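Engineer: Listed below, chain by chain, are the residues.
2 protein chains.
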Amino acid sequence: MCSICRRILDGLNDSTSIKSTALKLMTKIINDSFLKTLRREATPYTPVWMMRQAGRYLPEYRASRKTAGSFLELCKNKNFATEVALQPLDRYPYLDAAILFSDILTVPDAMGLGLHFVEGEGPKFKYPLQDEEAIFKLDIPDVEESLKYVFDAVKSIKDALNGRVPLIGFSGSPWTLATYMIEGQGGTDFMRIKKMMYSRPDLMNHILKINAETVSRYLACQIEAGADVVMLFDTWGGILSHHEYEHYSLNYMKVIISNLNILGFEKIPKIIFTKGGGQWIAKQAKIGADGIGLDWQTNLNKARNEVNDQITLQGNLDPSILLSEPKVIEAAVKKVLDDYGVGEGHIFNLGHGITQFTPVENVSVMLETIRKYSKQFH
Amino acid sequence: MCSICRRILDGLNDSTSIKSTALKLMTKIINDSFLKTLRREATPYTPVWMMRQAGRYLPEYRASRKTAGSFLELCKNKNFATEVALQPLDRYPYLDAAILFSDILTVPDAMGLGLHFVEGEGPKFKYPLQDEEAIFKLDIPDVEESLKYVFDAVKSIKDALNGRVPLIGFSGSPWTLATYMIEGQGGTDFMRIKKMMYSRPDLMNHILKINAETVSRYLACQIEAGADVVMLFDTWGGILSHHEYEHYSLNYMKVIISNLNILGFEKIPKIIFTKGGGQWIAKQAKIGADGIGLDWQTNLNKARNEVNDQITLQGNLDPSILLSEPKVIEAAVKKVLDDYGVGEGHIFNLGHGITQFTPVENVSVMLETIRKYSKQFH
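Chains as they are written, first to last, in the numbering used here: chain A, 119 to 496; chain B, 119 to 496.
It is worth saying that the hints were derived from the structure and are not from the lab. Please read these numbers as outputs of a predicted model, since none were measured by experiment. Careful: at least some of the hints might be erroneous.
Because identical chains cannot be distinguished in the list, a pair is counted as satisfied if it fits within a single copy or across any two copies.
As the list claims (entries may be wrong) - DSS-like, lysine-lysine: derived pairs with alpha carbons at most 30 Å apart:
#1 K255 x K445
#2 K313 x K453
#3 K393 x K452
#4 K452 x K327
#5 K404 x K453
#6 K327 x K445
#7 K393 x K404
#8 K266 x K372
#9 K401 x K445
My request is simple: use the sequences and hints to build the entire structure.
Structural biologist: Spelled out as structure tokens, the structure:
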């Protein structure tokens, strides 16, 4: 574990020096519009970044990947991670944040479940949690050691950014990690995990507690390594019923936010994003997050009312719009900005990751429209 | 086309005799609690049916299938369709409706797109709409002729039911049919259809208009053949943005409801169900439907408020609960009934089709709990 967390857990709760360390990390940012919006401070325009902005739609990314190995090897190679994390910023001057190049499933991999990627089929685990014995063997890994490659990448990207924009660290949410850990892969009907949740809530909560504790440490170490903001991707929270979402996903994200605050990272903004969770925004607003991510099914104006204009909202253009024409993109971007309306507290983003088939010039159209059109709202 | 529709379209708008025909079809039902609830009349308990209630979780269905051919051949065989449509009613005395045994994709098949089912991969089309030429060739088929096997199945099931419970006819919604027609199969990321929708709304609307007109005729013929209620399955409306849902899915369902009313079927209850559409219930309430289906992500109480307690709600147990234990099922069923609360206007259902791995005895637990526990609310 990183030095700060170790000190906390060793009982040396010197919160003054911790806070000053955390603050120090935040002082060097040149373009801080993204951070300001998360603090609900005034900015001259609406800041923007894109989920999967370092990815396959960029020809320079595809070129870099040709010379490298598997996706997981790439995540573990800090030079590659740094190179590709900066590619979208070098191409697009109007991006206001960088994000760590990594995968949401590094945590269960560090727990020994054997993550690998099958071409065209997505992530798979060699040792999914398929029986009680495996579940009770599950334990919090030595995060500092087993996920060192991630913190090395954070440091390296942070250095390379040299304060241009803030760096976002991230993890999968405890529930979302658990879906892969139990189902063994993506693209399933989630019947394994749901059966466990309904029949054996004791086992389900055991896994989620371990995930929440591990993710807390994981994000603490990312912050210590230089992440200015952290985000929890709750990609599969939306498959839960309205009764179960709060208990099995939201509450464990709350645990992580509380843990990070206890560790002295109150000032580090935290964003949560439950895909398909637009009906539960009022609940999401109550767990201490600074930002809530939204997909394109949700009306930003309605969401703004639901959070009483107190929490920053991030989203929510349908990424498939970027497959169309400049005029359509311009109109759609303006609609999103109009939906949010006048005032601070909106970070522009897509409602999900950018697709690999997106023409690079369409991203420019989006970014230029945001920069120009949003000024009237600030 | 069926005789009633033909008369309408021939300008012989004898609405009195049409209404009496439609009403005559509705007079013979013995257990009419499902129909009463759709009319918001008092019933002694909450009625229930299950999406895919005639399906693979039933050993008698699996046995029947062994002796028959492919899924599509089965749909086209009225004796088989009748046999399996009645199986769940014979097993479970507490089911309050039967549903036509068919597939949502019969309509594009009748349009000549060549529907077939690949084992383990779901439905595929041999001739998906991949270019402008194919789209402009698309036309309203001779529904009465090309989908005769469906109307024969409706008549046969209706006869076999002999008034025990009402029979539900159905179709895919225009938007949902279009997703398969353009993507060519299920399980995609919907990039083809979204690209068309955003780049070529003219082509998209052309397809949807043809679909809406065809589905109107299709459902009219199902009603004429004996369907007491019709339902539109909008399985993929939930992938649309809140801006596009109304235009590209909801409005075309509205066209169908209006067409059916013009044809004299005002008294035939109409249910719409947009999976993943829980954020748009207030909009759904305005298109003239008598019932709105809900998935498990939506709180029934909140939904009831959103429709001002004026429209019947159908749902919304997570079908995966049926994989667990009787006690869990009992508690979850009670929660759904508690969510809706006192009063008429609730039809119990699952939030999606029952899964093939459901133990048959768990369905009994659900049905018995509904019947006993719901009496206090009526």
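Engineer: Name the hints, by number, that the structure is in violation of.
Structural biologist: none
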